[in-house]
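K.L.:
Based on the hints, put chain V in the right spot on chain P.
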Amino acid sequence: GQQVMQIPQYQHVQEGEDFTTYCNSSTTLSNIQWYKQRPGGHPVFLIQLVKSGEVKKQKRLTFQFGEAKKNSSLHITATQTTDVGTYFCAGEGGATNKLIFGTGTLLAVQP
Amino acid sequence: DAGVTQSPTHLIKTRGQQVTLRCSPKSGHDTVSWYQQALGQGPQFIFQYYEEEERQRGNFPDRFSGHQFPNYSSELNVNALLLGDSALYLCASSSTGTGRETQYFGPGTRLLVL
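Chains as they are written, first to last, in this note's numbering: chain P, 1 to 111; chain V, 1 to 114.
One chain only, chain P, in its complex shape (with noise of 0.2 Å):
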């Protein structure tokens, strides 16, 4: 079945730090959403992507989408301690609305 990875699973920077996640599809995506869980709490959606080669930016978060539509990566600049969190991608593959989530990378955030 279908598959998503994420690296690093885990990522320890100082405040100020920059902070890449990545995540790849065993399978062609015909979208990629990323979400934000803080310890405790839900997922809460951050942005969806959908065209092949596709980048977002959110402030200090930057969005890309693979050409082949299989891979993507969060970036965050000048990590704050508000970023503190576990970062999912989740892929749907076919025409419903069914998410495939990743792994999740925890990003720990020291001051």
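To be clear, the hints were calculated from the coordinates, so they are not data collected in a lab.
Don't take each hint at face value.
In the EDC-like style, the derived pairs of lysine to aspartate or glutamate whose C-alpha atoms are separated by at most 16 Å in a straight line are [claimed, not checked]:
(1) 51(P) with 18(P)
(2) 57(P) with 30(V)
(3) 56(P) with 67(P)
(4) 36(P) with 83(P)
(5) 51(P) with 67(P)
(6) 36(P) with 67(P)
(7) 13(V) with 85(V)
(8) 98(P) with 85(V)
(9) 98(P) with 30(V)
P.N.:
Frame of chain P, contents of chain V only:
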């Protein structure tokens, strides 16, 4: 405008028991998806309901069943609970149109099976 709500917030059951979890979708949404999130893992898709029918199902046994009501709210039922069913159960609602609508997650129900 209320977002997705779930009840109860926490639940403790023993092995072999049955549990029912409830979800009310965000206003204007007609599709409800259920996910199981074990500690330290990503959410795993259980099934999705639209027009009161199960439209899509993940790799979960028949012990997991659901229902959607005419007002779009939904229930998740788990029979013969196992210790491994302990997890955060998340409900997400969306609007079926293009099929690519954003899913909004509820706060989840934390189930502990002893």
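K.L.:
Compare the structure with each hint and give your call.
P.N.:
Verification of the supplied hints:
1. 51(P) with 18(P): Violated, because 25 Å separates the two Cα atoms, which is more than 16 Å.
2. 57(P) with 30(V): violated, 30 Å
3. 56(P) with 67(P): Roughly 14 Å between the alpha carbons, so the hint for residue 56(P) and residue 67(P) holds.
4. 36(P) with 83(P): Holds. Residue 36(P) to residue 83(P) sits at ~9 Å (cutoff 16 Å).
5. 51(P) with 67(P): holds, 8 Å
6. 36(P) with 67(P): violated, 24 Å
7. 13(V) with 85(V): holds, 10 Å
8. 98(P) with 85(V): Answer violated: residue 98(P) to residue 85(V) is near 21 Å, above 16 Å.
9. 98(P) with 30(V): holds, 15 Å
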